[in-house]
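The lines below spell out each chain.
There are 8 protein chains.
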Amino acid sequence: MDKHRLTRILQNLQRGDLSIEEATGKLTHFVNEDLDFANIDHHRSLRKGFPEVIFGEGKTSEQIIGIMEKMMSQENVILTTRVDEEKAKRVLEALPSCRYEADARMIICAPEDPKPTGHGTVLVLSAGTSDIPVAREALLTARYMGNHVQSVFDVGVAGIHRLMRHREAMEQATVIIVVAGMEGALPSVVAGMVKAPVIAVPTSVGYGVSFGGMTALFGMLSSCSSNVAAVNIDNGFGAGYMASAINHIPLPAS
Amino acid sequence: MDKHRLTRILQNLQRGDLSIEEATGKLTHFVNEDLDFANIDHHRSLRKGFPEVIFGEGKTSEQIIGIMEKMMSQENVILTTRVDEEKAKRVLEALPSCRYEADARMIICAPEDPKPTGHGTVLVLSAGTSDIPVAREALLTARYMGNHVQSVFDVGVAGIHRLMRHREAMEQATVIIVVAGMEGALPSVVAGMVKAPVIAVPTSVGYGVSFGGMTALFGMLSSCSSNVAAVNIDNGFGAGYMASAINHIPLPAS
Amino acid sequence: MDKHRLTRILQNLQRGDLSIEEATGKLTHFVNEDLDFANIDHHRSLRKGFPEVIFGEGKTSEQIIGIMEKMMSQENVILTTRVDEEKAKRVLEALPSCRYEADARMIICAPEDPKPTGHGTVLVLSAGTSDIPVAREALLTARYMGNHVQSVFDVGVAGIHRLMRHREAMEQATVIIVVAGMEGALPSVVAGMVKAPVIAVPTSVGYGVSFGGMTALFGMLSSCSSNVAAVNIDNGFGAGYMASAINHIPLPAS
Amino acid sequence: MDKHRLTRILQNLQRGDLSIEEATGKLTHFVNEDLDFANIDHHRSLRKGFPEVIFGEGKTSEQIIGIMEKMMSQENVILTTRVDEEKAKRVLEALPSCRYEADARMIICAPEDPKPTGHGTVLVLSAGTSDIPVAREALLTARYMGNHVQSVFDVGVAGIHRLMRHREAMEQATVIIVVAGMEGALPSVVAGMVKAPVIAVPTSVGYGVSFGGMTALFGMLSSCSSNVAAVNIDNGFGAGYMASAINHIPLPAS
Amino acid sequence: MDKHRLTRILQNLQRGDLSIEEATGKLTHFVNEDLDFANIDHHRSLRKGFPEVIFGEGKTSEQIIGIMEKMMSQENVILTTRVDEEKAKRVLEALPSCRYEADARMIICAPEDPKPTGHGTVLVLSAGTSDIPVAREALLTARYMGNHVQSVFDVGVAGIHRLMRHREAMEQATVIIVVAGMEGALPSVVAGMVKAPVIAVPTSVGYGVSFGGMTALFGMLSSCSSNVAAVNIDNGFGAGYMASAINHIPLPAS
Amino acid sequence: MDKHRLTRILQNLQRGDLSIEEATGKLTHFVNEDLDFANIDHHRSLRKGFPEVIFGEGKTSEQIIGIMEKMMSQENVILTTRVDEEKAKRVLEALPSCRYEADARMIICAPEDPKPTGHGTVLVLSAGTSDIPVAREALLTARYMGNHVQSVFDVGVAGIHRLMRHREAMEQATVIIVVAGMEGALPSVVAGMVKAPVIAVPTSVGYGVSFGGMTALFGMLSSCSSNVAAVNIDNGFGAGYMASAINHIPLPAS
Amino acid sequence: MDKHRLTRILQNLQRGDLSIEEATGKLTHFVNEDLDFANIDHHRSLRKGFPEVIFGEGKTSEQIIGIMEKMMSQENVILTTRVDEEKAKRVLEALPSCRYEADARMIICAPEDPKPTGHGTVLVLSAGTSDIPVAREALLTARYMGNHVQSVFDVGVAGIHRLMRHREAMEQATVIIVVAGMEGALPSVVAGMVKAPVIAVPTSVGYGVSFGGMTALFGMLSSCSSNVAAVNIDNGFGAGYMASAINHIPLPAS
Amino acid sequence: MDKHRLTRILQNLQRGDLSIEEATGKLTHFVNEDLDFANIDHHRSLRKGFPEVIFGEGKTSEQIIGIMEKMMSQENVILTTRVDEEKAKRVLEALPSCRYEADARMIICAPEDPKPTGHGTVLVLSAGTSDIPVAREALLTARYMGNHVQSVFDVGVAGIHRLMRHREAMEQATVIIVVAGMEGALPSVVAGMVKAPVIAVPTSVGYGVSFGGMTALFGMLSSCSSNVAAVNIDNGFGAGYMASAINHIPLPAS
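Chains as they are written, first to last, in UniProt numbering: chain H, 1 to 254; chain D, 1 to 254; chain Z, 1 to 254; chain S, 1 to 254; chain A, 1 to 254; chain L, 1 to 254; chain C, 1 to 254; chain E, 1 to 254.
I should point out that these hints are in silico values taken from the structure, not numbers from a laboratory.
Please note that the accuracy of each hint is not assured.
Stated by the list, open to error - Computed list of lysine to any residue pairs in SDA-like fashion (alpha-carbon distance at most 20 Å, straight line):
#1 K195(D) x H161(S)
#2 K59(C) x Y100(C)
#3 K195(L) x G159(A)
#4 K115(E) x H148(E)
#5 K89(D) x P116(D)
#6 K59(S) x L18(S)
#7 K115(D) x V77(D)
#8 K195(D) x G159(S)
#9 K195(S) x P116(Z)
#10 K70(D) x D154(C)
#11 K195(A) x P116(L)
#12 K115(Z) x K89(Z)
#13 K195(E) x H148(C)
#14 K195(Z) x G159(L)
#15 K59(Z) x D84(D)
#16 K195(A) x H148(L)
Chain H extracted, bound-state conformation:
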């Protein structure tokens, strides 16, 4: 039910052109449409200030350009994930105000320095060098959603002492994203060392019984530490988004 029709019904009731029963009937009947009308407003406010994100995999550069152009009039942060170098080049030719973050495979159209609006810091840890693209995707997503971010890469469990060096950063983070492939043990170790919530991101790094990230994922979900929850394999974007949601939880007015 759009506003005009609602007003009309109420006016008709007010004027005596409709009885209360008739007005009730009309209102009940259009209630589904109402829902939609309510949602749209709500929805818009919900997402305000958040980057709209385009999943670039499987889209042509033409399709990406098309969607981005449509969004550019309304949004001031646009992220496109999973774009390979060649595709990115063609997109940037059309949209020269954007830039390509090659290691994260993302195209970003946004001011260089997004202002952090979250409560604290999102720390991104990753286990191996091959996990870096996913870790960077998480990092940039969190950053452009308005979070202060920090990262430590290459601190896998096979050299546990390298991780230990960063204990302070871990203890000061508000949320920690831990990216790991192969056996995916890092989130368990990290979560055992901090009380912050840990978002675990399995990567498809590995071979054989790594099962394209499945072993890492299941290991993370079987973690003997309890302040851990996981996202899908290679889903750096989702981890950054979830971390941002945590770092932006509303506080009671006090």
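Since the structure of chain H is provided, determine the placement of chains D, Z, S, A, L, C and E on it from the hints.
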């Protein structure tokens, strides 16, 4: 290295009984032990006020009683999860100051009204009546870890209108735990409606291709909403713990 | 929003106690509740005359009795599925007007001869004697949802000639439910012989690589016949329900 | 046994050239052939008016042309599914009277406006933009098999309000095909809102634990709504075919 | 169509009471039934002298007795597989002329010394002592289907020299059944040593990644020897039946 | 131990240069080598007249040519499987006396008409046109291993009447190879109609839950007919080899 | 061929009763038996001093007693694994000289203090208290196979500092067995800290996506540390045996 | 904490600029850094003389060259695994002092004849010719880590006599690496013949139910021989590394 030994080394250095080189050698050599000593203190502070939790499954009532008795001198909140009715009865005979929450299958030794220390409200939603034990485990865990909690059960996606009724509660929650078995679709729907972080808990409810919760879990991880992360199947405790960690993120002094 | 509150708002508007803007605000605000109120009515009409069904597995006889008693005032057909003999006995002691169909493991509270309201006949075929419980569950579900039903059991593909004998029944059915375990080949063969829609129900009959019905299910979904769709393993109830939905599709007034 | 041979045997019996025993022997002996003879007629009538469909994947453009040419003399609707753009181009050069539906990846040789012969409307819903090729395959299959069709795309569960807007269309459809990848939750939600039969089509859209459509499929089969049955992953054709079978169920003469 | 009805039609034709057209119509119409009639005879001859087999698992002793009693008037060899000791006891009380083979978990009603009718010897090898029940089921099935049988148990690949001792028996066998659990390597080794066909039977013996026989099965199917084919896990009966089919292949009259 | 060394030891014993104890020692010591010496002779006789087979997949044309050239001096039948067209072309340029069977993807170097040495006929049935390459591989393997072969293609279960037409051929075959993808139901149906041993070959034809042939394989192993054993997916060669082994079982001299 | 027959052949040759050709024939013919004769001796020496081990699971107490009694005359160390308390009680009644290690579920008949014969120390680490039965099985197996053993339990990765405390023990061990369930991360961490070979033992501890130990196993095999190899799930015995084999590698005489 | 800072703290204590309490505080606070400082030294000594290894898969030739150049100043053995021919060519152009081992797909920069430092011989056995690349990777890894190595290729279980010929080599080896694909039976057979520890390496050789090496892996872990542990699929490097660790176990000074 315990404190006494450290003091002794430093005293010996101070007294001139040790050279700096000798002191360095001793300190370096015992550094592993030191680490432990440091950790214990740190660890204790980390966990202060948090319930220690005993996983009751596969333990005899005697074993549970033994562990609980040892903890009771030091902790004022003790939770034991996954205890069936009969076992619980035997435990409560030995520990009459505790109580059994049958629907959550938990034994709780704690004051009835734990004081909320978190920022806001943890909301627990569950899809079907069979998901209630897991949902209650999450709820009580969060509650006894110092969170204001709220719950709405039986709002599965096959009757989407029932969920809609609780939109306000969803919008006001700080963290939402969504418990669902079978196709596990509820977290996707909920996360699409709010901006709070959503912890998805798959349950082993269902049969055939529900695969004991696997289908629900994979559905949750494949969610097209991004503010969702998942814990292991039936892991109500973990969800409550993670939600509590989110609801207690440290805020910058301001 | 319940009816009384809606009426009150409209009355207040009519009386001039509320301006149109105020009324609009109140209506928009309560729209979620409204939705629910609308849905319930709609829902009831949607389901009228259809059996409400209780999934008996994992429920105690006391729980089943409780739910059934609550429903008995409102419904004239009540089905409870997956009830073993012992549980059924206890339920029937409390509810002597119901009866137990042992081979289908269902408790039925309904007049013996439900009047068919569907367009034609639902035919249930099953491959082996062990598939009969699932087949009977499908049959009785369809029957008590108002369908003329017919059944042919024990016509597996290892003796294809036995199936051939029932070609006429197959050709005259409006919908065919085919229940099969092990390799689950029967639906493919049947669907190749008719133009009616075929609902395939895999059963957990078999061992080893039958994988508790998974092989039958995947075989059915891989069927080289196209007028086949499948339901979950052992889901006789779902097949009966789906077949009834098909047999009751609304026809354009003409 | 062809008709001529049967007639000859019976003539010989009539003439006294064969005894009853001899005729019986001959008839029994050739009974397999008879079966075939019977089947062919039956078969032809079974399929009358239905499009013959060619599965294009893995066939060369030459093979496709060959099969289509052979069929064109006898059939007035020919569908070829899963044809990529390049292959289609080569086929259309040879068969210029056909056309290519790029988004459905189908080649269609048929009059533009097939006359609907089914009882009502087949509605096709799809969750995400990536599901459109499968949804379109279902739509066109149903359309060219003689059904009035309608479609609503991009109504995934992460934005449940968008789905709500189409409630009326859902309630008026005779059969609903729901196409969804990732967590595959849409069919559950839709089936909970209508009483029509719902054909669920999982798509291979997604990554990681989407398992190429498996998670969506299992979610659909685990649906807590009962008027749902599923077809194989990406099997838009099968869904359209099944929906058409449902929309053409024979009605008793009255 | 039974013989009587066929004869009647032909008599009527002979007598002139039916025209050829009318007779053709009647014959065509009943062709499905005819098929069945033909098959039954054929079927009977096909199976003559072969044991009818009852799958005892999941059947009560009463059900088993019922089926066996019905068969006893017509068959002189009756096998019931997968019967545990207790059930067997109750069956034998009712049918004292049968006997129970505890190690094969079979009830056998047959003369002690079935006459071999096959071409040569069926040799049954098994890898471990836990494989013996399945091996014995295969052996007794083959024996009572009319084959000369021989067996060597406990010749697993971890002690390859024990197998070597039986090379002569292997070389003289017509068919070899190899029963093995765990890694299931024995059939590969055996098939590499002989030119006879080898039927591989995986057993559910093992734990962990033995996957209840799956690893053995897949190992057997991946065998680098080519004269191997496999049956389902623990399917000793099937292996005995298949071996018997091989040992009874028809020879051209010469 | 080669023959020369054995002879030398025995000569030395005979001559008195070795005592019996010394000879025993030497013989025992070399027994492993002896084994090998024994095996080689045996092996050669075992394989006489059988084609040596090269698995072409993953080998370069150069490697294939190299192996084939080495074999050509000793063998008069050489088969190479899984060779694509391009590779085959390069091989045939080097070895012009061989020929390429494109539909079976095999290179064959053998006289055109190998003389059948088996007892009867190997019949190859296949379900769909896409199964033909595997079926042809089976057929040619069996043929060149000395078997009279026959084939019927495209007799899938979705059109069961087409299969019926070939009942006579099925009943006269000594061994039947049944090749099927998708749901893999054909071997069950065929085995239910004959008493000959049936070798089931699953193919990787299909998509989605066909799982690259896994569903067909598991269906075949779960077959409710018992005269069936299966080989690995797409293993036409193995099926042909196994069928040949069955068709060549030694007969007792009589 | 037993020694007597060999001697007889050689004597006959020596005496001139056999020609060299005849002796060669006889020797070649019996070579399989010879092999066995050789193996037995060799075998015995191979295993001397090693405990023969009985897998108790699935065996009755009577069967266990029978096997143990037969072994007791020849062996001085007898281990029986996977024996529950009740079965053990019955066995010990019959064999009072043995004892039951309840936490390892083993029956041991051996002198209390087996003399270590290995090169160094076998260290057994385990992650959680539930892993102790498997860890103890490994420990006792290694101990009774003649190894100096040491153990540290409950040093899981969620409290990494507890592990650190035992660094010295780890660095001094010759072989380390690491037992862990759930995510199975401990072996990776340990192997990263030492240069000794690490035997990883996954346990079935955990639930949900722990998959009964599968996740731990795959994590261990995917380890980013390289001095790790794994045994089957819960296979404490195998780990102890393998560790013993490593700790007893033969050294070159020097 | 680096050495300088430690020294400074101790000097300040010595000088009286710090009290013992202050020094304790500082030392405790920096303990994490200390750990790291300790580890680095330790780590270096741990790895001395061992080749650092680069996993070449997924790295560009530029990346490989970069890493290798950095390492060349410090290490005298550098191994890069999984490098295809083309990539290797480009690397060797930049680093002409290295060489490419094509069959093992490794680039090696090391003196041709590394001096063995291990206790005995590492023997590498492989089942089929396709397993050779993995076997060679294992062999060269072990060799360049300072082990005397030996290899026997193509001794699969389908021709068990070929394996027998190498019994002596097997019995004299200190560690045996067994590389096998398909059914992976070889390690079981080999381990049954020796008392040395056996490292089993599954390869991805095979098709269908070989599951890319999974069947071989599971077979190896299910081995009925106990002196076997496994590494990941195709992980020749890991096997060589583990074998080297075993062959270098420290011996007690005596």
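Comparing the hints with the structure gives:
1. K195(D) x H161(S): holds (15 Å)
2. K59(C) x Y100(C): holds (16 Å)
3. K195(L) x G159(A): violated (38 Å)
4. K115(E) x H148(E): holds (8 Å)
5. K89(D) x P116(D): violated (29 Å)
6. K59(S) x L18(S): violated (52 Å)
7. K115(D) x V77(D): Distance of about 12 Å is within 20 Å: holds.
8. K195(D) x G159(S): Answer holds: K195(D) to G159(S) is near 12 Å, not above 20 Å.
9. K195(S) x P116(Z): holds (17 Å)
10. K70(D) x D154(C): holds (17 Å)
11. K195(A) x P116(L): Roughly 17 Å separates the two Cα atoms, so the pair holds.
12. K115(Z) x K89(Z): violated (27 Å)
13. K195(E) x H148(C): holds (19 Å)
14. K195(Z) x G159(L): Holds: K195(Z) and G159(L) sit about 13 Å apart, inside 20 Å.
15. K59(Z) x D84(D): holds (16 Å)
16. K195(A) x H148(L): Holds, at about 19 Å.
Figure legend: structure checked against the earlier numbered hints; hints not met, in rising order: 3, 5, 6, 12.
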